[in-house]
Every structure is written in C-alpha cells, then in structure tokens.
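When the letters of the sequence shown are read in order and numbered with my numbering, they come out as residues 32 to 248.
These aren't lab readings, by the way, just hints derived from the structure by calculation.
A hint or two may mislead.
Unchecked claim - In the DSS-like style, the derived pairs of lysine-lysine whose C-alpha atoms are separated by at most 30 Å in a straight line are: (1) Lys237 / Lys93; (2) Lys110 / Lys199; (3) Lys93 / Lys41; (4) Lys110 / Lys41; (5) Lys180 / Lys93; (6) Lys132 / Lys93; (7) Lys237 / Lys199; (8) Lys180 / Lys132; (9) Lys110 / Lys93; (10) Lys199 / Lys180; (11) Lys237 / Lys41; (12) Lys132 / Lys237; (13) Lys132 / Lys199; (14) Lys180 / Lys41.
To be verified - Across the chosen pairs, the derived CB separations fall in these ranges: (15) Gly221 / Ser150: 17 to 25 Å; (16) Thr137 / His209: 26 to 34 Å; (17) Gly153 / Glu245: 48 to 56 Å; (18) Gly149 / Gly197: 22 to 30 Å.
Keep in mind it's a predicted model, so treat the numbers as computed, not measured.
From the three backbone atoms N, C-alpha and C, an ideal C-beta is built for every residue, glycine too.
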Amino acid sequence: MDKKTCHCCKGYADGSYVLPPLPYEADALEPLLDVRTVNTHHDRHHAAYVAGANAAAETLRKVAGNVYDEAVASSAMRKLAFNLGGHILHCLYWDSISPEKQDGPTGVLADAIQADFGSYDGFMRVFRGVAMGVQGSGWAVLGRERLSKRLTVLGIERHQDILLPGFKPLLACDVWEHAYYLRYLNNRAGYVDAFLRQANWAAALKKLERHSHEQAR
32 MDKKTCHCCK
42 GYADGSYVLP
52 PLPYEADALE
62 PLLDVRTVNT
72 HHDRHHAAYV
82 AGANAAAETL
92 RKVAGNVYDE
102 AVASSAMRKL
112 AFNLGGHILH
122 CLYWDSISPE
132 KQDGPTGVLA
142 DAIQADFGSY
152 DGFMRVFRGV
162 AMGVQGSGWA
172 VLGRERLSKR
182 LTVLGIERHQ
192 DILLPGFKPL
202 LACDVWEHAY
212 YLRYLNNRAG
222 YVDAFLRQAN
232 WAAALKKLER
242 HSHEQAR
C-alpha cells in the first residue's frame, strides 16, 4: 500500500498528531455500523486520543527543555502510550472496514492464513475467540509476528497492553463498547461477526506485502 493512500499513514503532519478524515462517508458502513456510532466514534473518541497524544508529547518536550521537572516524564510517557496507541489503532480500524463486502483474503495473505491457522475457518475461530476474550475494553488485531514471520491474533488491552515488539498489524477490530453499543448493545459476538463480514482484506493484503518487502531489504 502506497504511503500516499494508506489511511494509517495520515495521522501525523507538521509536527503534530492529526485526525485523518474517514476514508468513506459515515453512512457507508451500514449495516455494520450506523451513522451516529461512526460519527461519535471518529469525531469524539478518536479525536480525544489525538488531543491526548499531542498534550503528552508536549509535556515530554517541556521536560526535555527543563520547563517541567523530570519526575513528570513517567506519567507523561504512560499518557502518550495510551493515547498514541489509541490513535494508531483507530487509524488502522477505519482502514480495516470495507464499505463493500469482500470475498475474503486473497494472494499471499490467503496463503499465510492457510499456513498459520490451517484454514480461513481456523483463523475465524481464533479471531472471534480473542475478540470475545478481551477483558473489558480493547482490540483484536491480526498481524505478523516478527521472529517467526507467522500471522497471529493479539488481544490488545488499553491500546498499549499485551503487545509484541515488532508486531506488524494488518487488521484491527475495536471491541471497546463505544465502537458498537448503540447498534449491538452488549452483543459483542454479533458485532465481531459483522466486522469480519465487512473486513477490508484488500487493505490488509497491501500491508502484508509492504511489510514483507521491508523485511526483505
């Protein structure tokens, strides 16, 4: 995926974290998500993580410039990890949903899913199990593990917890309740199944191809 077109690459500009516009109209995700959920999620929740990341980064700059005491750095770093993690994952989330239903993974992504999960159904079982097993708020993320170069699914909590160093995310499902509660209430399973039916496999494939190319250099 070219960085000029990758939605995940538009979250930083001119020295600050920025909120990219949605890559489609807010009503384009019906029936998966309604307009109110999409607008609230993007314009309020995602925007709040962008603001929080910028505030934490500014605090760290002031510590470095001897404006704030160095003791402030630890709490600012935790705030940056939470808010920046939320910003990055939300950029990936919007890119992980396709307004048009796709047939499923293709190309090297389909081959990798077959090799690493045994089958597409095997992947679906793992993804649903991880998404449903996230305690409280968090994410189910399909990605490539750095050492084995195999695909795996992480259950990420609080945006930054349970991460593998070098993990390359390809597809992210937000399972915080604000992502789905207006339409699905407490039916997280129904939301996850609907998300998988509208997964943007074309975008995930391009990410995998780009990551594979970077590792080969």
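Below or equal to 30 Å on CA atoms is what counts here, so check Lys237 against Lys41.
16 Å, holds
Holds or violated: are the alpha carbons of Lys132 and Lys93 at most 30 Å from each other?
At roughly 47 Å apart (the allowed maximum being 30 Å), Lys93 and Lys132 break the hint.
Going straight from one Cα to the other, do Lys180 and Lys132 come out at no more than 30 Å?
28 Å, holds
Would the pair Lys110 and Lys41 pass a check requiring their Cα atoms to be no farther apart than 30 Å?
21 Å, holds
Straight-line Cα separation of Lys93 and Lys41 no greater than 30 Å?
Satisfied, since the Cα-Cα distance of roughly 26 Å is no more than 30 Å.
Can you confirm whether the C-alpha distance between Lys132 and Lys199 stays at or below 30 Å?
Status holds; Cα separation ~24 Å.
With respect to the beta-carbon atoms only, verify the hint that Thr137 and His209 lie 26 to 34 Å apart.
Holds - the Cβ-Cβ distance for Thr137 and His209, about 32 Å, lies within 26 to 34 Å.
Given the hint of 48 to 56 Å, is the C-beta distance from Gly153 to Glu245 inside that range or not?
27 Å, violated
Take a quick look at whether Lys180 and Lys41 sit within 30 Å of each other, Cα to Cα.
Roughly 26 Å separates the two Cα atoms, so the pair holds.
Are Lys199 and Lys180 close enough, with their CA atoms no more than 30 Å apart?
10 Å, holds
Between Lys110 and Lys199, is the straight-line Cα distance small enough, at 30 Å or below?
Cα-Cα ~22 Å, so holds.
If I claimed the Cβ atoms of Gly221 and Ser150 lie 17 to 25 Å apart, would that claim hold in this structure?
23 Å, holds
In this structure, the earlier hints numbered 1, 5, 6, 17 are contradicted, and the remaining ones agree with it.
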